[in-house]
Amino acid sequence: MKSRKNHIISAGGVIADPGNTADRLTGDWRVKRPVIELDKCTHCMICWIYCPDSAIEVKEGRFIGFDLIHCKGCGICAEECPPNCIDMIEESTFQEITGIIGKEK
Amino acid sequence: MKPISSDLVLENQGGAESMKIDSRSLSGGFAVAEAMRQTNPDVVACYPITPSTIVVEKFSELVANGEVDTEFVAVESEHSALSACLAATAAGVRSQTVSSSQGLAFMWEVLYAVSGLRLPVVLHCANRALSAPINIHGDHSDTMGARDSGWIQLYAENPQEAYDNALVAVRIAEHPDVLLPVLGSQDGYTVTHSVERVDVLPDEEAKKFVGKYIPEFSLLDTQNPVTFGPLISPEHAFELKLQGIEAMRNAEAIIEKVGEEFTSLTGRSLDPVELYRMEDSELAMVVIGSVAGAARVAVDRLRSDGIKAGLVKIRAYRPFPSLRICEVLAGRKGVAVLDRALSPGAPYSPLYGDICSALYSHGVILPLASFVYGIGGRDTYPAQIVDAFHRLEHESKLGTPIPQTSYLGIT
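These protein sequence lines map, in sequence, to chains Y and G.
With my numbering, letter number 86 in the first sequence gets 239, and the count goes up by one each step, no holes.
With my numbering, letter number 42 in the second sequence gets 103, and the count goes up by one each step, no holes.
FYI, nobody ran anything at the bench for these hints, they're computed from the structure.
Watch out, some of these pointers could steer you wrong.
Stated by the list, open to error - Some but not every residue of chain G turned toward chain Y, in silico, with C-beta under 7 Å:
(1) ALA174
(2) LEU178
(3) PHE278
(4) THR288
(5) PHE289
(6) LEU301
Said to hold, decoys possible - Just a sample of chain G residues kept apart from chain Y, beta carbon distances all over 12 Å, derived:
(7) LYS81
(8) SER84
(9) GLU170
(10) VAL175
(11) HIS254
(12) LYS273
(13) GLU277
(14) SER294
(15) GLY305
(16) GLU321
(17) ALA419
(18) TYR421
(19) GLY424
As the list claims (entries may be wrong) - Ranges between beta-carbon positions, derived for each pair:
(20) ASP170/Y to SER255/G: 47 to 57 Å
(21) GLU243/Y to GLY153/G: 41 to 51 Å
(22) ARG215/Y to ASN285/G: 48 to 58 Å
(23) GLU232/Y to LYS273/G: 52 to 62 Å
Just so you know, even glycine gets a beta-carbon here, dropped at the ideal spot from N, CA and C.
Chain Y extracted, bound-state conformation (with noise of 0.2 Å):
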């Protein structure tokens, strides 16, 4: 049987494939979006840390930018951001609804 996003699903809901959770694209739960002032951004890590989602993108020691794909907007990175450059913006204020934003220009 198929649902309606054509996953085939095997009896009783089992995973063959697991470790897949980065197939479950999770961005669409969102209701408030991170965004971040880069200027501000130490690049220490903090919300790296404490994201539950690993949805902060981090290159060569620097934040680059949030996986809006699998970010379900829980805003811990914000609450534990330490220069507070971390704000969470009502998700129906923007027009893209996934993406990687806020990268480093």
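Let chain Y serve as the given structure and place chain G on it in line with the hints.
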């Protein structure tokens, strides 16, 4: 391995036949324990509760004597018993448990987990009333309450059927088109503690019949790791539950198929619906379980008085054999349905409700009467069933459904 023996071996018809018939005197409880010995499940997790205790007692004796290879888990509750079976079956082995009444009630949330995960666990149940008032005797309140839990339900009339059901249950549950848990039930005391002749298959035949359990997925298969029981979001959960509906539908044919295979081995019918003197019957009665014995006597008495009575015994209650019931009951002048469970606030008790919906949805409209009997282990006599038939005969002449439930043995 030594079979469960009895002081009263009736006969042993050995000889030139292709298969020896081993007839023993066994109670329903011991008959199930004997089927369990022959099945030799990998895991049995139990918490004893009257009147199913004799099964657990006998089986743990077999374990202690080394007559089975089973890992017997003496858990601290029924909730744990079924949880252990769930985990064992998910790990890829065959598991069984035994319970009754409050024990089955305590298993409740796990019942849904086992069927939802499509794990072919087999539960041997001795029907007993639910508290309060506390009462250790038989009625169907326990298993009827579990009728929507996604388990296949088989009911036995006597120790022989209890033994037969215990063997076929394994095959039905594990069939790839089904993969659902099976609850095999027998009336507490009336069947569990009544010693009757039981024809037992030779060990080798029984083993061959139940075969080996080959799971599609196994938690212990480290080469092919899988996840059991993940959180399922709304976009998948509905379809997943519908698979259980589909599996139940498949089970109707598989119950018949496995039953036929069993018949060719033993000569004993395991038809989901058993008929007695129904060929030309005008009045019919539908029953489940041990009351069929008294009802057969009543049918014979009525027949000798010139009343064309007949009996329909439902052996497989879930999946409900709707089509068979319609075929069998269509054209009768009146049908009485006997329930051994109450459903307070519902229009009727469970079996009557199911018969009604099966008939109405197939356009079979006939006078139906609802009777409830044997609550809390109250005995039901052929004379009471004869009275029920007389009432049905009288009221069915009015040609409309008989609205009130009557309670047999209540004055």
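Each hint tested on the structure:
| no. | hint | verdict |
| --- | --- | --- |
| 1 | ALA174 | violated, 10 Å |
| 2 | LEU178 | holds, 4 Å |
| 3 | PHE278 | holds, 5 Å |
| 4 | THR288 | holds, 4 Å |
| 5 | PHE289 | holds, 6 Å |
| 6 | LEU301 | holds, 5 Å |
| 7 | LYS81 | holds, 39 Å |
| 8 | SER84 | holds, 40 Å |
| 9 | GLU170 | holds, 16 Å |
| 10 | VAL175 | violated, 10 Å |
| 11 | HIS254 | holds, 36 Å |
| 12 | LYS273 | holds, 19 Å |
| 13 | GLU277 | violated, 7 Å |
| 14 | SER294 | violated, 8 Å |
| 15 | GLY305 | violated, 9 Å |
| 16 | GLU321 | holds, 25 Å |
| 17 | ALA419 | holds, 26 Å |
| 18 | TYR421 | holds, 29 Å |
| 19 | GLY424 | holds, 30 Å |
| 20 | ASP170/Y to SER255/G: 47 to 57 Å | holds, 52 Å |
| 21 | GLU243/Y to GLY153/G: 41 to 51 Å | holds, 49 Å |
| 22 | ARG215/Y to ASN285/G: 48 to 58 Å | violated, 40 Å |
| 23 | GLU232/Y to LYS273/G: 52 to 62 Å | holds, 55 Å |
Hints 1, 10, 13, 14, 15, 22, counting from the list given before, are not met by this structure.
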